[in-house]
Amino acid sequence: MSTQQPEPEPETQEAPADPEMKGAESPVDEREKEGGMVDQTAVDDAELEGETVHIKVFRYDPEVEAKQEPRFDDFHVPFEKGMTVLDAVIYARDEYDSSLTFRHSCRQAVCGSDAFFVNGKQRLGCKTQISDLEQPVRVEPLPHQEVVKDLVVDMDHFYDQMHAVEPYFQDEDTPDASDLEEQRQSRENREKVKMSTRCIWCAACMSSCNIAAGDNEYLGPAAINKAYRFAMDERESEAIKEHRLRILEQEHGVWRCQTQFSCTEVCPKDIPLTEHIQELKREAVKKNLKFW
Amino acid sequence: MYEHDVIVVGAGGAGLRAAIAAHEAGADVAIVSKLHPVRSHTGAAEGGINAALQEGDDWELHAYDTMKGSDYLGDAPAVETLAQDAPEETITLEHWGMPFSREDDGRVSQRPFGGLSYPRTTYAGAETGHHLLHVMYEQVVKRGIQVYDEWYVMNLATTDESDPNDRECHGVVAYDVQSGQVEGFKANQGVVLATGGPGQAFDHTTNAVSCTGDGHAMAYRAGVPLEDMEFIQFHPTSLPSTGVLISEGVRGEGGILYNAKGERFMFEHGYANNSGELASRDVVARAELTEVNEGRGVDDEYVHLDMRHLGEERIMDRLENILHLAEDFEGVDGLVEPMPVKPGQHYAMGGIEVDENGQSCIDGLYAAGECACVSVHGGNRLGGNALPELIVFGKRAGRHAAGEDIGTAEIKTGYGDDVEDETETEFPVTPGAAGIDTDDGVAADGGVTADAEGLLDRAVERERARVDRLMDKDTGVQHAEIRQKLQNAMTDYVNVFRTEDGIRKALKIIRECREEYQDVYVDDPSRTFNTDLQMTYETRNLIDVAETIAIGALVRNEFRGAHWRQEYQERRDDEWLKHTLVSWTDGEPSVFYRPVILEGQEKTYEPKERSY
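Chains as they are written, first to last, in numbering that gives the first Met the number 0: chain A, 0 to 291; chain B, 0 to 611.
Keep in mind that the hints were calculated from the coordinates and are not lab data.
Where a beta carbon is used, it is the ideal one built from N, C-alpha and C, also for glycine.
Be aware that one or more of the hints could be misleading.
[To be verified] With a straight-line Cα cutoff of 25 Å, these simulated DSS-like cross-link-like pairs (lysine-lysine) come out:
1) B:Lys504 with B:Lys484
2) A:Lys191 with A:Lys80
3) A:Lys286 with A:Lys240
4) A:Lys285 with A:Lys240
5) B:Lys484 with B:Lys472
6) A:Lys193 with B:Lys484
7) A:Lys80 with B:Lys484
8) A:Lys240 with A:Lys193
9) B:Lys507 with B:Lys484
10) A:Lys191 with A:Lys240
11) A:Lys240 with B:Lys484
12) B:Lys484 with A:Lys66
[Said to hold, decoys possible] Rough simulated footprint, nothing fancy, chain B against chain A, three-plus residues with beta-carbon under 8 Å:
13) 134-147
14) 167-176
15) 186-193
16) 241-253
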């Protein structure tokens with residue numbers, strides 16, 4: 000199927016590194032189309048209650064003529080205490096425009112499917128309170144990924160990178176499960192890998208990474224973190240750890256990272272991604288592996 | 000047309016485990032799932048996996064606790080299989096690298112959970128499901144098992160002999176969400192449904208938006224009875240605003256429930272004088288609502304769950320995820336204040352009727368996980384028993400579907416000589432198909448008896464025509480309106496406390512939803528990622544499932560497990576040691592009963608009063 004990356008060029012869509020910039024106007028105003036889908040009746044009803052939230056949602060559909068040129072639609076959603084960005088777009092879809100398309104499922108920050116670009120930063124829609132944002136709240140698909148439709152991006156490249164690091168436990172001789180003999184793991188070692196195991200594959204980090212934007216082959220922070228999760232797990236052998244490091248020290252592996260911390264900044268699970276990448280660089284040096 | 004030996008529908012814990020097992024048994028397996036596997040709702044499970052791993056514990060104690068917890072509505076062969084297989088399956092997860100919480104000696108930790116006579120819940124922080132899901136998906140990647148992700152399964156391709164026990168399932172029809180293309184998936188050996196729970200039938204639920212009972216409804220319309228659907232578990236600790244789950248692990252670690260007057264009501268008001276907060280979930284959920292109804296709730300809506308006294312170190316070690324959930328979704332810092340909680344729909348004990356090999360009455364059709372009813376949980380599931388069910392029965396279903404001999408099942412399925420027909424209950428409305436054009440109705444399918452490929456082709460044509468009809472129609476009702484009405488009715492009338500009047504009202508509203516659904520249309524004209532279309536399909540499934548829940552709740556005039564009836568305040572073992580089965584027959588539901596199997600391998604489980 001055909002997909003396209005809507006204008007403007009990716010460089011203008013980067014996440015601001017400074018958290019103070021949250022809610023600031025992002026430099027993409029020129030593609031906004033005013034007079035979108037404001038539902039006048041709903042606005043009036045809600046105004047009686049006094050509060051609506053104004054969201055501007057990115058729209059694009061390769062199949063529908065009116066949406067082939069990317070645009071923003073405006074929705075005014077009745078505000079309720081505790082309302083998240085996901086709640087607001089769900090309301091807009093269910094009440095105003097059933098064609099508004101986005102992924103979402105668990106709405107509790109574990110399924111990782113509703114990562115959007117909200118007011119210029121990669122965030123999970125379900126975990127972002129509307130009341131923390133400046134209005135209008137601008138909701139866009141994750142930058143640096145092809146847009147399939149509206150807020151839905153093509154995740155295939157992200158999954159390919161995740162798969163490229165052999166994302167599964169590898170062992171030579173586990174005890175016999177029927178004897179109920181487990182592998183031992185120290186509390187300390189579990190603690191060491193704990194943060195890395197929390198990744199929910201939302202791709203926010205990948206989307207925020209300048210290097211990944213310029214180098215399509217770069218494994219990216221999520222995949223490197225996945226490799227970290229196994230490489231640092233004492234239950235895998237030294238030989239396998241070395242094998243993992245060889246995957247990571249390839250040309251488009253850990254050495255591409257320029258420690259800009261944008262991945263760490265946006266991770267909704269607070270995984271210290273940049274730190275993990277640096278640690279793997281140090282491991283690679285210790286093992287005298289190649290330095291690109 | 001795609002073709003594989005075994006098609007697994009759904010990619011949560013049960014689906015992934017079934018696929019791995021079928022693959023290990025030598026079958027060519029494919030997983031077809033409307034979500035990418037790591038998005039599955041298993042990832043939201045928090046508490047843990049019950050398995051008798053330690054000295055001093057054994058599977059028989061686990062089986063006993065489970066039978067007692069089920070209020071003697073679990074079938075002993077299923078319950079004993081669960082308890083026997085859970086330890087090895089749990090250790091297998093460890094061997095696959097699952098990051099379980101650990102003891103000082105490096106062994107996996109276990110903690111107490113409600114209704115357990117031994118602390119046998121193995122866990123990975125308060126995010127056990129997340130790790131289980133990811134570990135299992137990793138193994139699927141390792142084995143190169145084919146995954147069709149973001150393909151929505153619309154229907155089964157099943158022959159249409161008049162007796163469902165004679166029918167065969169040859170595959171499924173699915174559409175690629177990204178492209179809108181509708182295709183057949185032929186299964187040469189078997190189809191395993193692992194589509195999860197139907198929590199979206201309720202308004203306040205811990206379940207993901209994707210939990211729409213698709214497998215339930217497809218199996219039901221194909222002729223498989225849905226079993227014990229009235230038994231819906233309401234988890235005592237969900238966040239009031241969103242339904243987000245606060246793990247039972249909080250109470251397992253020593254968390255305390257208080258009412259608005261600061262009373263530890265589980266003890267002070269005598270709901271569970273021995274176990275207190277760690278009584279079974281149904282007991283705690285009713286206690287909380289009673290407190291609220293009697294004016295001792297906070298803001299007349301909820302109660303408080305306090306874990307401050309556990310100390311920051313222990314909370315961070317074992318319940319860190321709970322702190323994040325309370326902060327992000329309720330704005331409460333669990334380290335310095337108690338968390339607001341109330342009961343929320345959480346789990347369906349009932350489901351697609353299968354035996355302990357995962358097999359339904361239709362040849363080649365299996366089910367595992369929450370969508371299935373083996374039955375392990377009976378009237379009430381114990382915390383920590385859902386995840387072992389996924390791996391134990393997911394594996395068994397996968398192996399059996401792949402043709403491996405795993406022994407003859409003791410549990411019977413389908414309509415047969417051993418069942419008793421429902422004859423007493425009058426329904427307030429005629430449930431079942433609405434409208435003249437039954438092909439366009441909410442529940443009227445079946446296929447034709449033909450060669451498998453012809454059957455698949457016919458089923459594909461049927462769904463393509465259905466999609467065209469929904470999309471060509473320009474006006475009418477939208478799914479969201481019907482869905483909300485249905486969810487409200489279930490939450491208002493088929494909730495923790497149930498009255499006959501209320502259930503009858505719910506059935507009337509469900510009927511209205513069916514009729515409105517005749518006029519449903521899809522507004523989004525695009526074939527690309529059309530979630531409007533998908534949710535319209537899902538809503539149809541929710542109507543069918545909600546109706547079976549309400550029917551079960553109406554006919555079972557007793558109080559057992561999670562099923563509380565105002566008019567009947569006692570468990571009536573003389574009449575009700577039996578399963579409720581709702582079967583789709585000629586366009587309407589028919590109800591029959593099958594006796595519970597209380598005879599285990601070594602002993603018979605005698606029903607006793609369930610006190611905690």
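Outcome of the hint check:
Distance restraint check for Lys504 (chain B) and Lys484 (chain B): the Cα-Cα separation of roughly 12 Å lies within the 25 Å cut-off, and the hinted pair is therefore satisfied. Distance restraint check for Lys191 (chain A) and Lys80 (chain A): the Cα-Cα separation of roughly 38 Å exceeds the 25 Å cut-off, and the hinted pair is therefore not satisfied. Pair hint Lys286 (chain A) plus Lys240 (chain A) holds up; C-alpha atoms about 10 Å apart against a cutoff of 25 Å. Taking the CA atoms of Lys285 (chain A) and Lys240 (chain A), the gap is about 12 Å. The hint holds against a cut of 25 Å.
A threshold of 25 Å between alpha carbons decides the hint, and for Lys484 (chain B) with Lys472 (chain B) the separation of about 22 Å falls inside it, so the pair holds. For a cut-off of 25 Å, the pair hint linking Lys193 (chain A) to Lys484 (chain B) is broken: about 42 Å separates their Cα positions. Taking the CA atoms of Lys80 (chain A) and Lys484 (chain B), the gap is about 23 Å. The hint holds against a cut of 25 Å. Between the alpha carbons of Lys240 (chain A) and Lys193 (chain A) the distance comes to roughly 18 Å, so the proposed pair stays at or under 25 Å and holds.
Taking the CA atoms of Lys507 (chain B) and Lys484 (chain B), the gap is about 12 Å. The hint holds against a cut of 25 Å. Straight-line distance between C-alpha atoms of Lys191 (chain A) and Lys240 (chain A) comes to about 15 Å, which keeps the hinted pair within the 25 Å bound. At roughly 55 Å between alpha-carbon atoms, Lys240 (chain A) and Lys484 (chain B) are farther apart than 25 Å, so this suggested pair is violated. In summary, the hint linking Lys484 (chain B) to Lys66 (chain A) is not supported, as the alpha carbons are separated by about 31 Å, beyond the 25 Å threshold.
Coverage of a stretch by a chain is defined here by at least three residues with a beta carbon nearer than 8 Å to that chain's beta carbons; for the segment 134-147 of chain A and chain B the count is 1, and the condition is violated. Remark: the segment 167-176 of chain A is confirmed as covered by chain B, as 6 of its residues place a Cβ nearer than 8 Å to a Cβ of that chain, reaching the required three. Residues of the segment 186-193 of chain A with a Cβ under 8 Å from some Cβ of chain B number 4, which satisfies the need for three, so the listed coverage holds. Residue count for the segment 241-253 of chain A with a Cβ under 8 Å from a Cβ of chain B: 0. That is fewer than the three needed, and the coverage hint is violated.
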